[in-house]
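Turn these sequences into a full structure, and let the hints guide you.
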Amino acid sequence: MSRRSFPTVGELVIGIVRTIEEHGVIVELEEYGGLEAYVPRSHIASGRVRDIRDFVKEGERVVGRVIRADRGRGLVDISLRYVSKDQARKKLAAWKEKRRVISLIKMTAERLGIEDPQRIASNVWNKLSRYYDSPMEALIEAMRTGREVLKKAGLDDDFAQALLEEAKAHITTPIYMKVIGMKLVSFAPNGVEVVKKALIKGKEAVSSDDGVSIEIYAVGSPKYVIRIQSPDPRAVRRASSKVVDTILKSIKEAGGTGEVAWEKSYKKRMAPES
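Residue numbers for the sequence shown follow our numbering, beginning at 20 and rising by one.
Heads up, a few of these hints could be off.
Calculated pairs, EDC-like style, for lysine to aspartate or glutamate (alpha carbon to alpha carbon, straight line, at most 16 Å) [unchecked claim]:
{"id": "1", "residue 1": "Lys146", "residue 2": "Glu167"}
{"id": "2", "residue 1": "Lys220", "residue 2": "Glu272"}
{"id": "3", "residue 1": "Lys271", "residue 2": "Glu212"}
{"id": "4", "residue 1": "Lys117", "residue 2": "Asp152"}
{"id": "5", "residue 1": "Lys115", "residue 2": "Glu49"}
{"id": "6", "residue 1": "Lys271", "residue 2": "Glu282"}
{"id": "7", "residue 1": "Lys286", "residue 2": "Glu156"}
Please keep in mind that the hints were generated in silico from the structure rather than gathered at the bench. Just so we're clear, the structure is a prediction, and the values are computed from it rather than from any experiment.
Dropping the structure here:
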């Protein structure tokens, strides 16, 4: 899974803690074929480090930033304290995602009887990552729309179809959801009906062809909640705009007022296809 033969200064890398010494830690870089890197004691954590074992343990996976890379001597030093928690979380998530995709590609190659599945996995990963920002998202998009997504990246038809089948069997499909809180007020004699009509118009602004499901409910006048979800995040965004714009237009045309009080977006996972 090595991306390059040697890491570069400033790069975030993932390593397994192998040895804890008095003045630092030796880690094995997983993305570079087990190349060893050293974490100086002063780069274990911010502040004074009395006992290194209070911060890292043997066998622990850590994220570090390369602070020295001497290709000629084969020496790499990394810093743990130059990595924020958010950076470490994102790096680990991306690494795990890559491992999953590589595994699916290898399984596909083995299923098709192709020699050297590891080499094939590396080649296919490179094709997908050159064409798409996220190979995993490319697989998920292919699950929604078909293998043409994979063929655009240079995969042949048979391999694209086989990889799509493996993806459907092993990848949990994400469902994207947007929840919108609105405040709607009408002082008309039939104000309740005015608001109800605006909400109905909002829901009807989105058709079944838009590929989303919509729920609208009251949480106590004048507060209302709209929940929109779909496997396609773009469909959720489009539907959200349609619904909100239609509701606001309807309520204002009837002499009332409306506003979006808050919005929240979520992503949840569904089980793989059986």
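Structure-based check of all given hints:
Pair hint lysine 146 plus glutamate 167 holds up; C-alpha atoms about 14 Å apart against a cutoff of 16 Å. Simply put, lysine 220 and glutamate 272 have alpha-carbon atoms about 13 Å apart, close enough for the 16 Å limit, and the pair holds. Distance hint between lysine 271 and glutamate 212 is fulfilled; the C-alpha atoms sit about 14 Å from each other, no more than 16 Å. Of the pairs offered as hints, the one joining lysine 117 and aspartate 152 holds, with about 12 Å between alpha carbons and a cut-off of 16 Å not exceeded.
Restraint check: the Cα-Cα separation between lysine 115 and glutamate 49 comes to about 11 Å, which is no more than 16 Å; the hinted pair holds. Between the alpha carbons of lysine 271 and glutamate 282 the distance comes to roughly 21 Å, so the proposed pair goes past 16 Å and is violated. Between lysine 286 and glutamate 156 the CA atoms are separated by roughly 13 Å; this keeps the pair inside 16 Å, and the hint holds.
Violated hint: 6 only; the structure is consistent with all others.
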